[in-house]
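Colleague: If you want the building blocks of each chain, they are given just below.
Number of protein chains: 2
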Amino acid sequence: MTELRILPLLGWPEVREGDDLAALVAGSIELEDRDVVALAQKVVSKSEGRVVRLEDLEPSKRAHELAEGEDPRRIEAILRESARVVRSRPPLVIAETRHGFICASAGVDSSNAPDAGMLVLLPVDPDASAARLRERLLELTGRTVGVVVTDSFGRPWRAGTTDVALGVAGIRPLLDLAGRRDRTGYELRHTQIAVADEIAGAAELVMGKVDGVPGAVLRGLDIAGEGSAQELVISPERDLFR
Amino acid sequence: MTELRILPLLGWPEVREGDDLAALVAGSIELEDRDVVALAQKVVSKSEGRVVRLEDLEPSKRAHELAEGEDPRRIEAILRESARVVRSRPPLVIAETRHGFICASAGVDSSNAPDAGMLVLLPVDPDASAARLRERLLELTGRTVGVVVTDSFGRPWRAGTTDVALGVAGIRPLLDLAGRRDRTGYELRHTQIAVADEIAGAAELVMGKVDGVPGAVLRGLDIAGEGSAQELVISPERDLFR
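In order, the protein sequences belong to chains A and B. Counting in my numbering, the first sequence runs from 1 upward without gaps. Counting in my numbering, the second sequence runs from 1 upward without gaps.
Okay, chain A solo, but in the shape it has when bound:
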């Protein structure tokens, strides 16, 4: 490892449904083999038409109960995206999404929506989104890259959000150190590093939230391989922190 470079993707227009994100990536940077392209979930979702209008949502009884003065239509959108509600302190809702991710509002977000009154939802299958982008990038550029779809998640016990990986393609999301030994011969048991989440967080450092930088390219990593962001979802039985 000599150096890791994190190059912001600049000069993007507002993304709309049907836009070719791979073409936008290829238009803003000259890709190299083994680059990792990190893209914010928001642009991936928008390109896939994963937006809803508040006015098209009919709040259920439960949405009204959870809303407590906030717009119940927004809560309705959250409930529709949720497998279960984990915690609720109105108007905040922590939910488990159908992908198994646990996050605020089941990932439903009104910031950076195409228009006021619209909500952006998470991709239906972020791994598949990443895989399609990867394939299309190979087609357009001839380069074999990794792709990570990122989003900002809060977490227990620590303030602030960090970006994590919702979907991956062409990389191993977990680096498993089991069986490797440190300098003194101590075996590093049970140690897995969530490199896909660290990639997402590193990309966030150049993305900002309001400056319209939708992603970044990481150059200098050596983590090509196969994997799914589902590997980052830990089962309750294995999760000592839960």
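By construction, these hints were calculated from the structure, which means they are not laboratory data. Think of the CB as a built atom: it goes at the ideal place given N, C-alpha and C, for glycine as much as any other residue. Hints may contain errors.
[What the hints assert, rightly or not] Away from chain A, derived, C-beta distances all over 12 Å, residues of chain B:
| id | residue |
| --- | --- |
| 1 | E55 |
| 2 | R98 |
| 3 | L138 |
| 4 | R143 |
[What the hints assert, rightly or not] Computed footprint of chain A on chain B, listed as stretches where at least three residues anywhere in the stretch have a Cβ under 8 Å from a Cβ of chain A:
| id | stretch |
| --- | --- |
| 5 | 5-18 |
| 6 | 84-95 |
| 7 | 145-159 |
| 8 | 194-204 |
| 9 | 233-242 |
Fit chain B to the known structure of chain A by using the hints.
Modeller: The following block gives chain B in isolation, referenced to the frame of chain A:
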């Protein structure tokens, strides 16, 4: 923001108590103003003599109870570093440290210890460690940098560890977007980004765990300021995820 570079610190010897880490940093890279130097807790702790020998630990009754076949002296070290035990599934212990961090084994680690039979503890005051390093780097190099002391933490709901910030100096650990607006005028309320944790994770990407790379320099960030890693510890009342 044009580009973020993450430069590994290479060629370090095994760190011992009393070693001048700032001199080691300055010896492996030409620093620039506004660089952020991320150093693994392990080398910071070793330089500060924060190691204990297993043979010097007399396990308490509680340590024996929690050990269940593992070495009770290791559990004793963990209990001494803990403000409280959060969860326990022997031989694993999740604890809150005296700093307020919640992590496996209260940060006590036997990997990468100076010798077999030794345990490395977290620094007593990681912010102070970072501040001393920052001051000494200014003295040695004339450069004004930020410093982050990092460690690998597990987290609820997601597999694997990511590096987070235990101590900071010369940077703002949280980027507060409150009051800023996105492109459609939507105000980004309550949005704080834990940039110090993202810096730690980004640095980890070039550090590895067994290759003896003790840290990295991040070049191209614009986050100079004042702050404490204690800002990253969220109070139970504010923590909807807990």
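Colleague: Taking the hints in turn, state whether each one holds.
Modeller: Right, here's what the structure says about each hint:
no.	hint	result
1	E55	holds (16 Å)
2	R98	holds (15 Å)
3	L138	holds (24 Å)
4	R143	holds (19 Å)
5	5-18	holds (count 5)
6	84-95	holds (count 4)
7	145-159	holds (count 7)
8	194-204	holds (count 8)
9	233-242	holds (count 7)
Hint compliance for this structure: no hint is broken.
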